[in-house]
Amino acid sequence: MNIIFDLIKVKKKEFIAMAILATLGAVLAIVPYMLIYSIINEFINMGMNVDIELIFQFILLALAAIFVRYFFVVFSFVFSHIAAFDLLYLIRTRITSHLGKLPMGFWSDNSSGRVRKTIHEDVERIENFVAHHIPDVIAGTVLPLCTITVLFFIDWRLALAALVPLPIGFLMIKIMYSGVAAGGRNRKQLWRKYHETIEAMHSTIVEYVQGMPVVKAFNISVESFRRLQDAVLGYRHFTVMLSKSQTPFFVIFVAMVIGGGIFILPVAYHLLRTGQTDIATILLFLILGTGCFSEFAKVMLIAGHCEMIFAAGERIGSILQEKELPEPVFPALPKKYESEFKNVSFQYNSGSQQVLKNISVKFPESSFTAIVGASGSGKTTLVHLIARMWDIEEGSISIGGENIKSVGTAGLNQMVGMVFQDVQMLTDTVRANICMNKTGVSQREIEQAAETAFCHDFIVSLPRGYDTVIGEGGEVHLSGGEKQRIAIARAVLKNPPVILLDEASCYTDAENEINIQKAFSRVMKNKTVIVIAHRLSTIVHADNILVMDKGEIAEHGRHGELLMKNGIYKKMWEAHSKAKGWKLSEMEVG
Amino acid sequence: MRKQNWSLLKAYKGRIGSIVIGNVAANFPRGAFNGLLYLIVLSLAVPVLEKSGHDFGLLWKYYWFYTAAFGLYIVLGILGQCNNFVQSYTIGPDVRLKLGEKLRRLSLGFFKNNDPGDVTSRMLHDVNKAEEVFSHSLPDLVSALVVPILLGIFLCFINLKLAMVLFAVTALAMIFFVIARKVIEKLGKKHLKAINAASSRILEYANTIKTLKAYNMTGSGFKELDKSMLYLKKMSFRAEVWTGIPVQIALMILDIGYLVMIFSAVKMCLAASLSIPELFSFVILGFYFFEPVKKLGINLVLLRHAANSMDRIDEIFNTGEPRFKEKRVLSRKHDFKFEKVTFRYHRHDILKDIDCYIPEKSMTALVGVSGSGKTTMTNLMARFWDVQSGRILYGGTDIREIEPEKLLTDISMVFQDVFLFNDTIANNIRIGNIHAGDDELVKAAKLANCHDFIMDLPDGYNTLVSEGGKTLSGGERQRISIARAILKDAPVILLDEATASLDPENENDIQNAIDHLVKNKTLIVIAHKFSTIEKAEQVLVLDNGAICESGTHTSLIKSNGLYSKLWQAQQKAGSWKMQG
Chain X
8 MNIIFDLIKV KKKEFIAMAI LATLGAVLAI VPYMLIYSII NEFINMGMNV
58 DIELIFQFIL LALAAIFVRY FFVVFSFVFS HIAAFDLLYL IRTRITSHLG
108 KLPMGFWSDN SSGRVRKTIH EDVERIENFV AHHIPDVIAG TVLPLCTITV
158 LFFIDWRLAL AALVPLPIGF LMIKIMYSGV AAGGRNRKQL WRKYHETIEA
208 MHSTIVEYVQ GMPVVKAFNI SVESFRRLQD AVLGYRHFTV MLSKSQTPFF
258 VIFVAMVIGG GIFILPVAYH LLRTGQTDIA TILLFLILGT GCFSEFAKVM
308 LIAGHCEMIF AAGERIGSIL QEKELPEPVF PALPKKYESE FKNVSFQYNS
358 GSQQVLKNIS VKFPESSFTA IVGASGSGKT TLVHLIARMW DIEEGSISIG
408 GENIKSVGTA GLNQMVGMVF QDVQMLTDTV RANICMNKTG VSQREIEQAA
458 ETAFCHDFIV SLPRGYDTVI GEGGEVHLSG GEKQRIAIAR AVLKNPPVIL
508 LDEASCYTDA ENEINIQKAF SRVMKNKTVI VIAHRLSTIV HADNILVMDK
558 GEIAEHGRHG ELLMKNGIYK KMWEAHSKAK GWKLSEMEVG
Chain P
635 MRKQNWSLLK AYKGRIGSIV IGNVAANFPR GAFNGLLYLI VLSLAVPVLE
685 KSGHDFGLLW KYYWFYTAAF GLYIVLGILG QCNNFVQSYT IGPDVRLKLG
735 EKLRRLSLGF FKNNDPGDVT SRMLHDVNKA EEVFSHSLPD LVSALVVPIL
785 LGIFLCFINL KLAMVLFAVT ALAMIFFVIA RKVIEKLGKK HLKAINAASS
835 RILEYANTIK TLKAYNMTGS GFKELDKSML YLKKMSFRAE VWTGIPVQIA
885 LMILDIGYLV MIFSAVKMCL AASLSIPELF SFVILGFYFF EPVKKLGINL
935 VLLRHAANSM DRIDEIFNTG EPRFKEKRVL SRKHDFKFEK VTFRYHRHDI
985 LKDIDCYIPE KSMTALVGVS GSGKTTMTNL MARFWDVQSG RILYGGTDIR
1035 EIEPEKLLTD ISMVFQDVFL FNDTIANNIR IGNIHAGDDE LVKAAKLANC
1085 HDFIMDLPDG YNTLVSEGGK TLSGGERQRI SIARAILKDA PVILLDEATA
1135 SLDPENENDI QNAIDHLVKN KTLIVIAHKF STIEKAEQVL VLDNGAICES
1185 GTHTSLIKSN GLYSKLWQAQ QKAGSWKMQG
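Protein chains in written order, with the numbering used here: chain X, 8 to 597; chain P, 635 to 1214.
Simulated from the structure, these hints should not be mistaken for laboratory data. Do not take every clue at face value.
Derived pair list, reagent style DSBU-like, types lysine-lysine, alpha-carbon separation capped at 30 Å [as the list claims (entries may be wrong)]:
#, chain 1, residue 1, chain 2, residue 2
1, X, 305, P, 816
2, P, 1077, X, 330
3, X, 108, P, 816
4, X, 557, P, 1155
5, X, 20, P, 844
6, X, 557, P, 844
7, P, 868, X, 20
8, P, 1206, X, 16
9, P, 844, P, 816
10, X, 525, P, 1206
11, P, 1077, P, 1155
12, X, 108, P, 844
13, P, 929, X, 181
14, X, 445, P, 816
15, P, 816, X, 578
16, X, 557, P, 1153
17, P, 868, X, 108
18, P, 1169, P, 1077
19, X, 20, P, 857
20, X, 108, P, 861
21, X, 19, P, 857
22, P, 868, X, 305
Whole structure, please, built from the sequences with the hints as guidance.
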């Protein structure tokens, strides 16, 4: 929550302006009622002989007060909204830029649906707080305070009676928002549960929609997709339970606010009988004594809403407090591009099993290293670590002699290019998808990159060529192979000295395959290349082949050397040849 | 007003009715104790003006009635509000589940045309809004209506002219509330669009973070996200402020109206057409009249907001589902026949005049360059889309007559992009057949060669797959999807081989798994490896959406057409060697 108040400080000026205007507006709200009271008093005292001129003046004054008041209210409203929406934008950009600095591990613990909810809805709640609740609280406290002061000044006994609903209402609200009514749970737990319930529903629905092809293909009906049903009905169950438990207190609270006469009238009767008050005063109390609390009611309700807002703030805070990958103050700039692992061990979560065990290996500059091994042997993890998707606890990884931690993310990303299986397109033009963060790239350069990656031809055939919007929400949906090639074009344009490839990304279809292979060959030229290889025949020329097994480098060397070793690689090679090679070589011979 | 046709409301007539009735009932006592207040004011004021004593017996009697009405208000209020919540929190989840079921029945084309972020936001955000209408806005609206109506009638009897002043002011204020509604209707749609655009961008940002990081495009580097959030800021401000201002004006008119009413009352009083006690009553009751009217206006405006959301929910409900003939029973034959099938998507011909026969329990390979229409053909067989002309027969029946759900029970698909749910491994496999016992499950996993790696996971079959299966390797995900299909044991298999070759280090294993899967099945495979194609009884070669050649591997090689060219290309690719 502190985070929110810290952020609010940025908009100090707007907030002060808003607070002053809201206060003035609230003070003015009471003026018309005082003038009406004076009019009634006139009538009581003078009967039919009232001074119409005087009454007319009262009315005019009241009108003026109303005009000025709304003038203030509208301005306060505008200021508070300027401040609020600026603030939301600020918080959102802060979260998104923070997310960019987190290690990838964050994403295995947090679903994108959850993150979206926090950035979108939790932050939205702050708007309510800033734009509506703060001015409401100001108006809702200033107005009753002024009223009560005035009322006490007029008749303290009636004022006391008018105040009776206040503690009762307050008590009701307190019970309502404490978990007492909802089965004795404590308040914090209750609201946490509330948010968890909503979150569960969110992430399940996001998942359901994203998994729609599977849902359809396997006829997963809503009844059989139990988690969706459980999440949605869980939400129903919880909200019904919560609101049922709160309703009685809330209704009594509202009744207190509007039915203030209950307490004022007996006192008023008594005072009237004993001649200690007049009926103008009683009428004033019947209006003001109840009217002012309707504003105050808002304040009390807001107190309850604040729980929700604070919980939302907490979740915003929990993302902002996630530890970023530490960045060096003065990033080192390696001049050479060889990479080295020294005694690297790695696990995704502390306590889970090690994915990499004590890896030490060198990737010389401009060399071509292939990594092979069964799925789950740690190939992909090893390559991800070079790009610092995760930080390691044990051992060190360096590029050009500099620890990648001291190179810094931006510098490292400049140096390293990746083409993996899961290529991701942004909902944007083909052009933007190739350029990514590069600015000032000429059309010629883009086309060259596309040609190198063998995607120029199909891009030109798209409805609007390079300006066609692709990606999730785009006008055209590309095939896997087409996306791959655009991803390669990205890497070509980026032209980094270190290239990480997943060879599997070229198995899309026969025609693509050749093109992607060719594109790969072009990208690899004169680079430090590390390839996750699947088809052993493609990497026989590698300078070094690392054979991974259960997180360790079991064997390494050139193709020929490894075959001589008679170990895992040899076995893999034989299996590979059986699965595919034979057919092909027979054909070639025939 | 625009005519709206919310199927949503119709389905819940009873529940909505009970909300309305409950709140009308709860507000009668409220009107009553306001009326009693009038009597109290009269009995207080008259004696003073007539210089006589007060009748305290009567005053106390009124007070006790007042208290009784108050108590009744509390009791009915509690009952009514509990009902509001129960009804609206029943409607909301019910709508969500119905939407879920509806979405499943829509053709996949719907999901290609609609951003998933937008679809989820309809299920979440928009349904929330609808829920709020039923739990808060509607009850508030009803209570804000009941009291002024009761008071209005009452005041008409006391003094028609003054009551008219009251109504005139109310009407004037309503004009501004209506203006606010119009503004919302206009800006609200834009605002909602901005909300959804930003929401989609945020989701995209989260989903593509890896790529964005690699290109130093996180935070403000992702311009599109920044743009969408700035636009959201602008639209939010406009939507709130431009509707807030007319609302404030309306509230001001009501405040002024109260004064105008008092002033006219004073004048009438001096002209002796209104007694002084009556003047006082108008002062008190006028106040109690205008307060709920203010609320009424605000709620009318809020309802307009919700109406936009209801429209968006309804849009999904009104999207056409694929039709079928109820009584059509699936035949026992599992063959497919394409008759002059043409399929257009976004005004592009994807498939042109396809004629082919896919016999039962045989293997048909679809071959062709990417974009030639292979995947579309399999999607059409599963009826993810309907053809525009020609027809596809399954077991002799036009698939447009078969209920999509029934058709899909006969078909297993092994996709290129495997989606795993955030659930246990066991449940992810069980998607193939939710009734499968543990034995069958393990058996399928073994056949798909995934048992071993599953047992290596910390909790074995009960290990949770985190979202989208990110923690498993591509090959592992692939094999889980094969296990699903084995468990489903459908007579027709649509297989995209590209996926099958993703894990070549276990290629034998995967090949094995697939062999188990396809035994005695009608198999249609989008083939990439010629070693697979050779086994096929029939090869269909697609080019640019048309079948250009068909036959067996050997016959096609001889005919020296596109297929033999592809084959040569593949030979080259197969012998490709990376050079550093």
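Hints, verified against the model:
For the hint pairing residue 305 of chain X with residue 816 of chain P, the CA-to-CA distance comes to about 27 Å; that is within 30 Å, so the pair holds. Annotation: proposed proximity of residue 1077 of chain P to residue 330 of chain X is violated, straight-line Cα distance about 43 Å (limit 30 Å). Pair hint residue 108 of chain X plus residue 816 of chain P does not hold up; C-alpha atoms about 44 Å apart against a cutoff of 30 Å. At most 30 Å may separate the alpha-carbon atoms for a hinted pair to count; residue 557 of chain X and residue 1155 of chain P exceed this at roughly 36 Å.
With a C-alpha separation of about 39 Å, the suggested pairing of residue 20 of chain X with residue 844 of chain P is violated against the 30 Å cut-off. Distance hint between residue 557 of chain X and residue 844 of chain P is fulfilled; the C-alpha atoms sit about 25 Å from each other, no more than 30 Å. Between the alpha carbons of residue 868 of chain P and residue 20 of chain X the distance comes to roughly 20 Å, so the proposed pair stays at or under 30 Å and holds. A hinted pair counts as satisfied when its Cα atoms are at most 30 Å apart, and residue 1206 of chain P with residue 16 of chain X does not qualify at roughly 66 Å.
Note on residue 844 of chain P and residue 816 of chain P: the hinted pairing is violated, with a Cα-Cα distance of about 43 Å set against a maximum of 30 Å. For the hint pairing residue 525 of chain X with residue 1206 of chain P, the CA-to-CA distance comes to about 11 Å; that is within 30 Å, so the pair holds. In summary, the hint linking residue 1077 of chain P to residue 1155 of chain P is supported, as the alpha carbons are separated by about 19 Å, within the 30 Å threshold. Under the criterion of a C-alpha separation no larger than 30 Å, the hint pairing residue 108 of chain X with residue 844 of chain P is consistent with the structure, at around 11 Å.
For the given pair, residue 929 of chain P sits about 25 Å from residue 181 of chain X by alpha-carbon distance, which is consistent with the 30 Å threshold. Straight-line distance between C-alpha atoms of residue 445 of chain X and residue 816 of chain P comes to about 44 Å, which puts the hinted pair past the 30 Å bound. With a C-alpha separation of about 74 Å, the suggested pairing of residue 816 of chain P with residue 578 of chain X is violated against the 30 Å cut-off. In summary, the hint linking residue 557 of chain X to residue 1153 of chain P is not supported, as the alpha carbons are separated by about 33 Å, beyond the 30 Å threshold.
Of the supplied pair hints, the one linking residue 868 of chain P and residue 108 of chain X holds, its CA atoms being roughly 27 Å apart against a limit of 30 Å. The hinted pair formed by residue 1169 of chain P and residue 1077 of chain P meets the criterion: a straight-line CA distance of about 26 Å does not exceed 30 Å. Annotation: proposed proximity of residue 20 of chain X to residue 857 of chain P holds, straight-line Cα distance about 29 Å (limit 30 Å). Of the pairs offered as hints, the one joining residue 108 of chain X and residue 861 of chain P holds, with about 20 Å between alpha carbons and a cut-off of 30 Å not exceeded.
For the given pair, residue 19 of chain X sits about 28 Å from residue 857 of chain P by alpha-carbon distance, which is consistent with the 30 Å threshold. At most 30 Å may separate the alpha-carbon atoms for a hinted pair to count; residue 868 of chain P and residue 305 of chain X meet this at roughly 28 Å.
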